[in-house]
Amino acid sequence: MNAFVVAPILILLAAGIVTQLAPVRWRRGIFVAGVTLHLVSAVFLFAQVEQSGPQAVHLGGWEAPLGIALVADLLAAVLVLLTALLGFAVTLALTRSSTHEDLRAGVPALVCFLLAGVDAAFLTADLFHLYVAFEILLLASFVLFVVGCDGERPRAAARYLLPAVLSSMLLLAGVGLLYGLTGTLSMTDAGARIAALGSTPAVGVVAAMLAVSFALKAAAFPVFAWLPASYPAVPSELAALFSGLLTKVGVYALVRVFTLVLPGELEWMGTLLLIVAGATMVFGVLGALAQWGMQRLLTFHVVSQVGYLLVGLGIGTVGALAATVYYLFHNSVAKTSLLLTTGQVRRRHGTDELRNLGGIARTDPWLAAFFLIAALGLAGIPPLSGFWAKLLVLDSAAEAGSWAILGVAAAVGVLTLLSMAKIWTTAFWGEGAEGRRAGTGLLALLPTFLLVLVVVGLGLFAGPALAIAERAAADLLDGTAYVDALRRAAP
Amino acid sequence: MATWLALLCGLLATVGTRLMLRPKGPGRALGIVLLGLAVNLLVFTMTGAVHGRAPLVEPGASSPEPPYADPVPQALVLTAIVIGFALQAFALVLLVLRAPNDPDEEAQS
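Chains as they are written, first to last, in the working numbering: chain V, 1 to 491; chain X, 492 to 600.
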């Protein structure tokens with residue numbers, strides 16, 4: 001029994017339950033303690049996996065097909081680390097922005113459960129457990145959507161709820177059909193039996209159902225409209241958490257299932273994925289350019305960036321998947337940082353409308369500096385992390401000879417820079433209406449600072465980070481390390 | 492039996508989808524309920540509808556005698572029903588709360 005693999009999930013569940021039972025005035029403290037402990041456990045898990053290869057646990061001591069296994073391979077460990085990092089930063093921001101009402105309504109517990117669901121989705125090696133993990137994180141996010149709600153949020157929550165429910169049902173139906181075909185729910189066993197079955201029409205139906213379900217969760221073209229219609233309505237701190245993690249879980253599930261369970265289906269789905277990826281990039285960035293609200297603009301960008309993530313799976317080489325892993329980590333951190341900054345702007349100026357803002361660079365230089373670094377990182381200016389991320393995607397596209405996707409990705413990169421420049425020139429540069437206010441306090445800037453540090457660090461130490469991404473991608477395509485870990489951990 | 496269940500499943504899914512596509516109102520919550528039922532039924536009958544053969548191991552045998560009703564889809568459906576129930580309850584509250592001309596929403600906005 002390897003405690004490191006289960007620890008992140010258990011810590012979060014315990015923290016969530018304890019904060020909800022504790023008196024309201026203690027909730028902040030328990031929340032921060034739990035999420036910090038989760039970060040520590042994620043670092044340990046990552047260190048262990050990085051040194052001694054994938055780790056597995058058979059829950060309850062039962063092997064598949066009877067039991068459920070958790071497997072932390074390098075990809076899962078990296079993503080749990082990402083979850084812990086973003087969870088930590090957002091928690092620090094939330095403890096400052098949460099009102100007494102929010103705390104009483106249980107925002108800390110909900111965030112803990114959401115993070116636990118995300119961790120479980122990354123770690124599980126069982127398809128039905130993946131469905132359950134999705135439901136845990138969805139239910140937590142549904143409630144977070146309407147906690148302390150005002151007029152606009154139930155409307156946005158409904159826009160978020162219906163596609164999420166639909167995608168969960170597709171996932172459940174797909175998993176049910178897959179069980180009917182293979183008689184197992186374990187991803188590795190199902191993969192082996194699907195390989196023996198070959199690419200029959202029934203397998204194609206399962207693949208299509210799962211792909212549509214995950215694409216809905218990831219907000220890929222043409223099923224992305226729910227995201228920019230709902231995320232702008234929630235507080236920026238929560239939008240930061242959702243944007244950083246939720247769509248990425250969809251992308252992860254797509255990558256995991258189509259490398260481990262249904263790799264054969266990528267042959268016909270690869271080109272389709274590339275078309276979807278290109279369209280997602282273009283529609284996302286065009287939508288972003290048209291917006292005049294900071295949070296609206298940034299949430300449209302979430303869609304655009306999902307396109308870049310899908311390129312890796314569409315091409316399907318080690319280099320391309322490594323690009324996806326690196327891109328995913330970088331993008332989540334940069335996007336969360338930008339939305340946390342938006343939260344600061346919203347709180348200080350009461351709006352995030354670009355037309356009503358101006359001159360923040362003068363009144364609040366640190367906040368502006370952090371925004372600038374994260375925005376340039378997102379847009380891909382060297383030596384920040386986004387530059388390497390984009391370069392890798394372009395490089396893998398060129399290697400595969402997908403010139404169309406290369407052109408689209410490069411053009412969308414320029415448009416991304418343009419949209420970031422739009423925010424910078426209107427809100428941060430220029431004449432401010434109010435020049436008298438003092439800058440944001442250092443403590444309030446801490447979460448953004450941490451994330452910006454990661455964006456810079458990932459850029460400066462791109463070599464080691466890329467080496468890890470490449471190992472994760474190689475393990476993903478090879479698949480034997482994953483199976484070996486399961487066998488070694490067998491009770 | 493299996494054919495009838497498949498047809499019922501399709502009917503539920505059709506009506507559920509149609510209701511979910513309505514632009515507004517609490518009918519959409521009903522759509523979620525019906526579509527959920529269709530999916531549960533699909534998972535439930537995935538390994539065939541075996542009637543009256545519980546998966547019990549006779550004394551002396553090591554596995555139940557086929558054909559028997561596969562217990563795994565039943566366990567899955569049980570979990571899915573519980574999760575779906577929570578989800579549907581939440582959806583009902585949300586979609587009824589935000590229905591047009593809702594006095595609460597108008598008062599708050």
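Keep in mind that a hint or two might mislead.
[Unchecked claim] Partial list, derived from the structure: chain X residues whose beta carbon lies under 8 Å from chain V:
1) Gly518
2) Arg519
3) Gly527
4) Val534
5) Thr538
6) Val541
7) Ala577
8) Leu578
9) Phe581
10) Leu583
[Stated by the list, open to error] Here are the computed lysine to any residue pairs in the SDA-like style, where the Cα-Cα straight-line distance is at most 20 Å:
11) X/Lys515 <-> V/Leu162
12) X/Lys515 <-> V/Pro163
13) X/Lys515 <-> V/Ala229
14) X/Lys515 <-> V/Gly359
15) V/Lys422 <-> V/Trp292
16) X/Lys515 <-> V/Phe142
17) X/Lys515 <-> V/Val203
18) X/Lys515 <-> V/Ala156
19) V/Lys422 <-> V/Arg488
20) V/Lys422 <-> V/Gly359
21) X/Lys515 <-> V/Trp226
22) V/Lys422 <-> V/Trp226
23) X/Lys515 <-> V/Arg153
24) X/Lys515 <-> V/Trp292
If you are wondering where the hints come from, they were derived from the structure by calculation, not from laboratory data.
Where is the CB? At the ideal position from N, CA and C, for every residue including glycine.
In rising order, the numbers of the hints this structure does not comply with: Of the numbered hints, 1, 6, 10, 14, 17, 19, 22, 24 do not hold.
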